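Peer 1: Chain by chain, the residues:
There are 4 protein chains.
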Amino acid sequence: MSQPTDVGLLSPVSAGTVAESLTGDDAVLAAMVRAEAALLTALAAAGLAPASAGDAAGSLASVRVDARSLALDATPGGNPVIPLVPLLRSAVPEDVARWVHFGATSQDVLDTALMLVASDVLRQVESDLTVLAGFLASLCASARSAPLVARTLTQQALPSTLGMRAAGWLASVHDAVRVVRTCTTLPVSLGGPVGHGSAFGARGPAVLSAFADALGQRAPASSWHTRRTPVVGLATALTVTGAACAKIAADLLVMGQAEVGEACEGSGGASSSMAHKANPTQSVLVVSAARQLPALASVLGVSAVAEQERPAGAWHAEWQPLRTMLRLAGGAAERTSTYLPDVVFDHDAMQRNLGLLLTALGKDPAWATAEIAHVGVWVDRVLTDHEEVFG
Amino acid sequence: MSQPTDVGLLSPVSAGTVAESLTGDDAVLAAMVRAEAALLTALAAAGLAPASAGDAAGSLASVRVDARSLALDATPGGNPVIPLVPLLRSAVPEDVARWVHFGATSQDVLDTALMLVASDVLRQVESDLTVLAGFLASLCASARSAPLVARTLTQQALPSTLGMRAAGWLASVHDAVRVVRTCTTLPVSLGGPVGHGSAFGARGPAVLSAFADALGQRAPASSWHTRRTPVVGLATALTVTGAACAKIAADLLVMGQAEVGEACEGSGGASSSMAHKANPTQSVLVVSAARQLPALASVLGVSAVAEQERPAGAWHAEWQPLRTMLRLAGGAAERTSTYLPDVVFDHDAMQRNLGLLLTALGKDPAWATAEIAHVGVWVDRVLTDHEEVFG
Amino acid sequence: MSQPTDVGLLSPVSAGTVAESLTGDDAVLAAMVRAEAALLTALAAAGLAPASAGDAAGSLASVRVDARSLALDATPGGNPVIPLVPLLRSAVPEDVARWVHFGATSQDVLDTALMLVASDVLRQVESDLTVLAGFLASLCASARSAPLVARTLTQQALPSTLGMRAAGWLASVHDAVRVVRTCTTLPVSLGGPVGHGSAFGARGPAVLSAFADALGQRAPASSWHTRRTPVVGLATALTVTGAACAKIAADLLVMGQAEVGEACEGSGGASSSMAHKANPTQSVLVVSAARQLPALASVLGVSAVAEQERPAGAWHAEWQPLRTMLRLAGGAAERTSTYLPDVVFDHDAMQRNLGLLLTALGKDPAWATAEIAHVGVWVDRVLTDHEEVFG
Amino acid sequence: MSQPTDVGLLSPVSAGTVAESLTGDDAVLAAMVRAEAALLTALAAAGLAPASAGDAAGSLASVRVDARSLALDATPGGNPVIPLVPLLRSAVPEDVARWVHFGATSQDVLDTALMLVASDVLRQVESDLTVLAGFLASLCASARSAPLVARTLTQQALPSTLGMRAAGWLASVHDAVRVVRTCTTLPVSLGGPVGHGSAFGARGPAVLSAFADALGQRAPASSWHTRRTPVVGLATALTVTGAACAKIAADLLVMGQAEVGEACEGSGGASSSMAHKANPTQSVLVVSAARQLPALASVLGVSAVAEQERPAGAWHAEWQPLRTMLRLAGGAAERTSTYLPDVVFDHDAMQRNLGLLLTALGKDPAWATAEIAHVGVWVDRVLTDHEEVFG
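Listed in order, the protein sequences are those of chains A, B, C and D.
With the first letter of the first sequence counted as 1, position 331 gets the number 408 in my numbering; the numbers rise by one all the way through.
With the first letter of the second sequence counted as 1, position 281 gets the number 358 in my numbering; the numbers rise by one all the way through.
With the first letter of the third sequence counted as 1, position 67 gets the number 144 in my numbering; the numbers rise by one all the way through.
With the first letter of the fourth sequence counted as 1, position 104 gets the number 181 in my numbering; the numbers rise by one all the way through.
Please note that the accuracy of each hint is not assured.
Copies of the same chain look alike in the list, so a pair counts if it works inside one copy or between any two.
Unchecked claim - Mimicking SDA-like on lysine to any residue, the simulated pairs with C-alpha atoms at most 25 Å apart in a straight line are: (1) Lys440 with Pro127; (2) Lys440 with Gly293; (3) Lys440 with Gly338; (4) Lys440 with Val140; (5) Lys440 with Ala276.
Since the hints were made in silico from the structure, they are not lab data.
Quantities reported herein were computed from a predicted structural model and do not represent experimental measurements.
Pulled out of the complex, with its shape left as it was, chain A reads as follows:
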């Protein structure tokens, strides 16, 4: 029987991207270990555990854990933290062992780990979107007056400019950046078995705070074991990111049709059977990501109704959809920021298509020029917003 390993074969939109490597099982496992180490640090800092516990924190990172073994050992207890804890305990001095995982529950460690992974990905996404926005701002400026037929419901509608269309793309990216930034620092989880962290006694808030500090994340006001707003927020940020990228891709797909001919990907994708074709592959891949994100988000949305102190299924259903979303949105952002600058825009084709419209309307070029005379005002508004977002 084959190995059950996935290495990206069915996800070309994310294969080879930074988001992919930030979200692999090894990365998740490393984040789980980071969380357990930070807990040792926090327990010592808060004076609950002896200093030796804090000292041992650093050694956890070097414990060798095989992700596949852990995955298999996770089956009886239902999550990978359960088999991880004894492995970590056996790697620290005997007097420290009891402080490993002290006061925490599996969900604390896995949620904290997934938020660490998510923060890493979202910082990368923000970086990619920043590059993308920079390119789009330049395109707005350079193509500000470049005539283009605007299309609605597939039909040629009125004269516009490529700069105007690019301003729309840029405005979407701004929206995405704003939402993404709300997720680059995320909450840690340390509620303990039922959310009230009773093992920490009166020092619960201090431990929580030290734990968050050790990880560079945020301390929540209260346990979010069953208050999944951070997860729903992430889902929104990733959906908006995917949509902002795929909106550009969707436009390029129409602009790249043979009869339209207004744009083509610089290095069009090969076909396995038709040598003459230059497929708009990157646009297709980005669109494929945006088609999956909202449905995955819906799993997270339903899981936000989590009964009692920790639910029987809702939480377990979150892990894979969330990771897949990080990968798809991260892949879409990286791909778009990479391939868009190589897209070749054909201004002659744009003019030719505009000519078709003028003929259909019985209008002359002067009319078209008048139509787009004030387009720059809107482009400028978006560029002003650009300053606000990145200035």
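Starting from the known structure of chain A, fit chains B, C and D onto it as the hints suggest.
Peer 2: Chains B, C and D alone, transformed into the frame defined by chain A:
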């Protein structure tokens, strides 16, 4: 053949609620007319149209339009604005007629109308959540030390308090209020046919601004015909609202089981066949809303990839899911704020169930008391947040 | 405050269609009454109730019930059957009253009613798809050799024929018809409060059988209160129907672009702002339906996990999504069967576009002719299947 | 940076199951190679390629291909078939090389491969469901008269039996088996670049038929590049499978609550923090699968609207959701068939809970006995169906 009218028969969670009446076809139609009236006002204010146009704005509201006729007449053109415009033009003085809908496109009017409806609903939701939060804050205080068995993965886990659980509910409602507040003022749309409002010439921004002012909404930096972040934002706010309410309901459903017996709805629902039952009907209805919201949100998420200047299907697919979401989340918020205060909590049962746990663990009551000794710290943190949210 | 009534304003794809009127609240209510009447008939037929109960069945249909009042009265108990039963009891002779709803539970009546409504819609869908398939079969024959550029990933790919493309459309419709036919007779529900129909004693199967006969539906082997395969099956049939129609519409949208020009809707939709445009409105509406169906189906899929003998929320969450799906798929089928025959195909444009491909490839027309020489084989296979489906 | 490999860490429901190994990237890759080999066989069998091509088919299986390299090389062209073809060509004699992938397109190979993988999984699912159904049939018989309180909307409702409940479970499994069987033999794809297989000339149907035979699958009437009914059908089968398993799990979750105590998993899951707990882990995992399946199915449902001869994004969006669904449903079926026989049912607890109901109703045990007197009739109907399904 029957009339195709829907009056709420299949949606008891929203039947009779304020959200339902705010979102009926008549309400949407009235908002469309409001948008057209505000455009007249804005055109006059910006000096594009004569003062008579502004004067006529008020008369539009009194035009009689039959929603059903409009719905049927919408079929050929694909949206209800197209048949509405001539009806409105015929209701104003001849010299004003040409200014009705001037420079706008159907999507401007319908999007603006749906945002007006959404703002109305979200203000009501905020109001209902405020009442709900107030009740929960009292419950946190009064039940702060009331023992309760915390449950995880359906199992009795550790001692906690009803106040601690209520604090979790309250924290979720705070999250919802915060997100809902970002949507009580929403953008108007006035991009014109292709987003650049060319009919307004250089006065586009002024008209847009006056239009937003006339409606008490927000003027966007640029057209959002194909930048659907406001819609995705709404979907998130409504999903979070539904989840916050349904989290409470889901907990009550477990607490209300015969063998658990910790809570029951004050006026339990009758059964059509079993007179002895007091069904937790309101909880069931609230849960039913939260089960539908995320899937509807996924339609909106996919529609956010809107090609060209106005898309061929994505926008049309938004209307019904958005309206249904407003109704479901609005219904859930109103119901929860109404029925929760009547829920009867049975502290004896909570004690009895705690006794089961102590027996299973071989612990005595003193241990339980110690376990919950510091729970109040977490309750207080949520109450502090309450001051911040509503203070 | 406005009336909360919906009359189709936000759903032009279904406004005015047969599916819309078959699924209105009045139609659902009438089906509920039909179910209660059939139960009287069945009870008498099985010898449980006196003949007078059977005689009274006919009179139920004439009971005046206001759907809106019922919707409002449904709120306390959570479903509209609860307030309906006393209304019906008061309309029959006193000795019959106790037999109204005898042995049934609310879910029996509402599920049976929704299946009646669904059967009605699916028979209409089958009829519409039959008309559509007939037209497509003719198109396959008439356009069998009409050259057309086949397109993949938006790019011109190879020569094909309009007949070949139409055969693809037809094959999808055949698939839909086959699935739809599995749903034109659906199960009734008569499990009683907990599925075992104890009130019927040993005569349960006889009553169930008579109940199904009275309604022209199917008797299930056992209660499906929590075995929702019929609902998931319906969801699949409606999704496949919507997709079959929208596949055609999606192709027409590309073919109808100005630069492609291969097809246009006979009576293109007007624009509210651009008089020159002939929007592909019907295609857009059909696509808008297919974009909503799968998400609604996902609500039904999640509801198929229905705990205990009747679940606390899962069932209540089904009603609206199922009704909306019936309406969207029914609307899509009716619209497609109606507008497609009026679509004008422009064979000159197809030839012109093929010329572009030949130029790009450096090929001559003879090559194109050779490429499509054997296309007819595949068209014939689909036409053979057509005979099997409808023969 | 970490390796991007996934080994099941976030999917304990499928980790270590047969379905997992049948769906790993290596398995998909092997199926792709099988498809290319079968094409060589078919081309030779149909007399298009020389016998040497058929002879070389066997050697393809031994070509070493690294899935990760292929995944990375898939990015420019957008799918893994493009970089695979040259690797395979270089592994066969020079005169055979041109016949590798002859007449096919990437989608043919990947779709055929995914259907091979799906058939493998569904045969395993059928096998697991058969075991499960066998156990349930025994349980129906042995627990036929074992009293149990039936519950509706979380409330105790009426007396029933464990056998009756098990019959409901069994009936759901029967439904699933029936749907799964429609998918154990699936169509191959061999439409060539645009669906008409022009490279095969008049021998297209013969090649298709030989291709299907070589793989033990079905030859479709026509290309399904854009007719995705087989994929939607698979999605339904997997959703129904997941729901049938999760319905059982959901019931066990309620039955396993401390205060109910009617069932517990034989080897309850450990907790990372609470030694006394025996979590119903396997039930939780099975439920977590069913929560993800319908949303993933919705991606496939939307992708069924695939424009032109091959779409720009819809197809690419299918691969991962389909694979994930196979794994989740396969994992759920294997887990359920494995853990259910070890569940311990506590008949004393069932009696005790029934006592609560009798007290609440003021009824005596004789009444309860009468209530369940005829339950066996319904159990028998399901057992009769069992004979039909498996007889």
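Peer 1: Of the numbered hints stated previously, which ones are contradicted by the structure, given in increasing order?
Peer 2: 1, 2 and 4
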